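Student: The lines below spell out each chain.
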Amino acid sequence: MIQIDHLIQDIELIRSQSPLIHNITNYVVMNNTANALLAIGASPVMAHSIDEVADMAGIASALVINIGTLEKAWVEAIIVAGKTASANHIPVIFDPVGAGATPYRTAVCRQIIADCKPSVIRGNASEIMALGDTGLQTKGVDSTSSSDAAIETAKAVALQTRAVVVISGQTDYITDGQQTEKVRNDDPFMARVTGMGCTATAITGAFAAINPDRLEAATHAMAVMGIAGKIATGKSRGTGSLQVNFLDELCNLDANTIRTHIKQ
Amino acid sequence: MIQIDHLIQDIELIRSQSPLIHNITNYVVMNNTANALLAIGASPVMAHSIDEVADMAGIASALVINIGTLEKAWVEAIIVAGKTASANHIPVIFDPVGAGATPYRTAVCRQIIADCKPSVIRGNASEIMALGDTGLQTKGVDSTSSSDAAIETAKAVALQTRAVVVISGQTDYITDGQQTEKVRNDDPFMARVTGMGCTATAITGAFAAINPDRLEAATHAMAVMGIAGKIATGKSRGTGSLQVNFLDELCNLDANTIRTHIKQ
Amino acid sequence: MIQIDHLIQDIELIRSQSPLIHNITNYVVMNNTANALLAIGASPVMAHSIDEVADMAGIASALVINIGTLEKAWVEAIIVAGKTASANHIPVIFDPVGAGATPYRTAVCRQIIADCKPSVIRGNASEIMALGDTGLQTKGVDSTSSSDAAIETAKAVALQTRAVVVISGQTDYITDGQQTEKVRNDDPFMARVTGMGCTATAITGAFAAINPDRLEAATHAMAVMGIAGKIATGKSRGTGSLQVNFLDELCNLDANTIRTHIKQ
Chain A
40 MIQIDHLIQD
50 IELIRSQSPL
60 IHNITNYVVM
70 NNTANALLAI
80 GASPVMAHSI
90 DEVADMAGIA
100 SALVINIGTL
110 EKAWVEAIIV
120 AGKTASANHI
130 PVIFDPVGAG
140 ATPYRTAVCR
150 QIIADCKPSV
160 IRGNASEIMA
170 LGDTGLQTKG
180 VDSTSSSDAA
190 IETAKAVALQ
200 TRAVVVISGQ
210 TDYITDGQQT
220 EKVRNDDPFM
230 ARVTGMGCTA
240 TAITGAFAAI
250 NPDRLEAATH
260 AMAVMGIAGK
270 IATGKSRGTG
280 SLQVNFLDEL
290 CNLDANTIRT
300 HIKQ
Chain B
40 MIQIDHLIQD
50 IELIRSQSPL
60 IHNITNYVVM
70 NNTANALLAI
80 GASPVMAHSI
90 DEVADMAGIA
100 SALVINIGTL
110 EKAWVEAIIV
120 AGKTASANHI
130 PVIFDPVGAG
140 ATPYRTAVCR
150 QIIADCKPSV
160 IRGNASEIMA
170 LGDTGLQTKG
180 VDSTSSSDAA
190 IETAKAVALQ
200 TRAVVVISGQ
210 TDYITDGQQT
220 EKVRNDDPFM
230 ARVTGMGCTA
240 TAITGAFAAI
250 NPDRLEAATH
260 AMAVMGIAGK
270 IATGKSRGTG
280 SLQVNFLDEL
290 CNLDANTIRT
300 HIKQ
Chain C
40 MIQIDHLIQD
50 IELIRSQSPL
60 IHNITNYVVM
70 NNTANALLAI
80 GASPVMAHSI
90 DEVADMAGIA
100 SALVINIGTL
110 EKAWVEAIIV
120 AGKTASANHI
130 PVIFDPVGAG
140 ATPYRTAVCR
150 QIIADCKPSV
160 IRGNASEIMA
170 LGDTGLQTKG
180 VDSTSSSDAA
190 IETAKAVALQ
200 TRAVVVISGQ
210 TDYITDGQQT
220 EKVRNDDPFM
230 ARVTGMGCTA
240 TAITGAFAAI
250 NPDRLEAATH
260 AMAVMGIAGK
270 IATGKSRGTG
280 SLQVNFLDEL
290 CNLDANTIRT
300 HIKQ
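Going down the list, the protein sequences come from chains A, B and C.
Okay, so the first sequence: first residue is 40 according to the numbering used here, each after it adds one.
Okay, so the second sequence: first residue is 40 according to the numbering used here, each after it adds one.
Okay, so the third sequence: first residue is 40 according to the numbering used here, each after it adds one.
The shape of chain A in the complex, shown without the other chains (with noise of 0.2 Å):
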């Protein structure tokens, strides 16, 4: 159950505080997430080198880890930067993009658990499946699974790993294994933007950033994802417009917007 007040207060403090997050990400959604961190309120910063992700990663207020386009030097850097940030309790956020589409990226994805501990997982019904079983085979980065088959396995690696963890799709789950709320993102639109779901993760960041409840911050995250989601997706023609839209209410939200969409 979201409460308005407190949703309504972290986005006043991330516009206020404007929290640096540190994102080592995909090239495919680096330009859109840096622009929907910058929509909401916080200083995005991508940074991958192995010369200067500790030093990055010690002054953020989030560290942001998304495996799309992965490869060996950038793991490297990436357990640096998480080893970095947990080490200073500055909250890591997780999206195992495309888990269980190779056996490289599943195991990749169970090294930057071990080693980043992660504050928050955030995937697809898929990629949260193939976290809980080595054995599944995904198609590619696009979810094959219903949110409702995956929210079992979330429990189970929310209590595994203590991470809150999120599964993306028309309805959002997020749990950290005893508790699990619930955020209905009615349009399917939105899954044919790409990056769609690493903006989510992202944006997760920002909260966590500002929110130490990561349970609420992650719930905080779907929820603005699905509110300006849901009206660019009504102003829109297509994709095209849609991300134009998206980012434009990103940066419209207010209050009154909120508590419209927000029915209790």
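Among the hints, erroneous ones may be present.
One copy or two, it doesn't matter: identical chains are merged, so the pair holds either way.
Cross-link-like lysine-lysine pairs, in silico, DSSO-like; alpha carbons within 30 Å at most [stated by the list, open to error]:
#	residue 1	residue 2
1	K302	K221
2	K111	K156
3	K269	K302
4	K302	K274
5	K111	K221
6	K111	K122
7	K156	K221
8	K274	K111
Read the hints as simulated data drawn from the structure, not as lab findings.
Because the structure is a prediction, the values reported are computed rather than measured.
Starting from the known structure of chain A, fit chains B and C onto it as the hints suggest.
Tutor: Here is chains B and C on its own, set in the frame of chain A:
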């Protein structure tokens, strides 16, 4: 000559099967091409690590190779992915971005063609001419030749490589060396959006994934680019809105629109 | 003081000559900067492999270096490209993204300035201040200082490096250490789009490619950013539409628009 019913059927097949298209492409266009593939109904994945490209190419329905921002490690991965795909009869679509601009680029293009055995090669006139003549110096990645001047070279390259060769320009030519198709795109405005050629190559991957007739698949891809591009151009004030409208048109492309724009 | 006729003439030169601008830039902004260069009329190429950067820089009319997502191999290629360009009297434009954020970034900036001898250095106030004072700690890539506070440092850096130094902000300052130009950009909204500074640097490359007066070229670039940015902001609901409108305005920039917006 495009058979309209075949084109409509191909689009329906892409939308119903959502074929996985594995892209090893350049940093500049990754986002655009992923979004264009999603808009037409395919499922894109971008992966370039030597540790997973063979696995990813092996589960894909087409492999798209684009050397826009090439470097040594990427070329090695391209060769591994391309050999895996062609050994598994998965169509390889190759975009020789900037062929002729530097000796390195031209040499890499020849290696990729020899080792990966592409089903379709798509470039602008300068690039295709550089494939036929190693001595040609082109200027960066924008064409300095007309499509008409390159058609004889395209036929020769097609016969020599057994690939279908596509020259993009105000008129697109699609040839297997014996049969040549033409698609007219009257508006030069599209050339002022970065990566439109790369998008054409990626869309060719989507059609080749579901249509084994490579000449027809490539012709369909060029036709779709032309129709969506023409409608989008008519609605746009500049290259910013053109990109947005282009994706929207790809999303909304239906049988009626196709019949209206292809007169036979 | 901008001479309006000179600015209009420069834009006409860019559009008629379409100079090749070689960019070694960061992953986040490659697409934006390529599209901005195409919109103003230049021909962008992105290439970073050590195997071709000297060849590419050698045929370019300007080289744009941006360290946003730097790493060791890229820095090596930057140095080779920069030395080639400056040895061939091709203007080098340098964007010290995030200077001061990590010791590695600041050290690389100093190396690039020493080895590549940039004609123009463009950054935000924090970055320019970090170039003048190695001890300064900045926060990520967004400025935490005002342009006014950085102007004396900018003059000192200009005199020391013999580069024209540009500080972007609500007021842009362009200085060679002796003469200083100002361009006012009243709207802080542009700072919430990622890569607008990087775009300003790339556009500076287009002007420097056709105008040997580097102080004037850099001033013209800032003026064009300001005009297109102001008009686009007036038409936009948020940072999504701002990006679209900004590219459209660059495409449509003409003598009338310029005369209307620059009052002397």
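Student: Now, for every hint given, state plainly whether the structure supports it.
Tutor: Outcome of the hint check:
In this homomeric assembly, K302 and K221 come within 30 Å of each other (Cα to Cα) only inside a single copy, at 13 Å, whereas the closest approach across copies is 51 Å. Taking the shortest alpha-carbon separations for K111 and K156, both the intra-copy value of 19 Å and the inter-copy value of 28 Å come in at or below 30 Å. Proximity of K269 and K302 under a CA criterion of 30 Å is satisfied intra-copy only: 14 Å inside one chain copy versus 38 Å between copies. Taking identical chains as interchangeable, the C-alpha atoms of K302 and K274 lie at most 30 Å apart only when both belong to the same chain, with a minimum of 21 Å there against 32 Å between chains.
In this homomeric assembly, K111 and K221 never come within 30 Å of each other (Cα to Cα): the closest approach is 36 Å inside a single copy and 44 Å across copies. Proximity of K111 and K122 under a CA criterion of 30 Å is satisfied in both settings, with 17 Å inside one chain copy and 21 Å between copies. In the homo-oligomer, the alpha carbons of K156 and K221 lie at most 30 Å apart inside one protomer (24 Å), although the nearest pairing across protomers, at 49 Å, exceeds that limit. In this assembly of identical chains, the alpha carbons of K274 and K111 never lie at most 30 Å apart, being 41 Å within a copy and 44 Å across copies at closest.
The structure shown violates the earlier hints numbered 5, 8.
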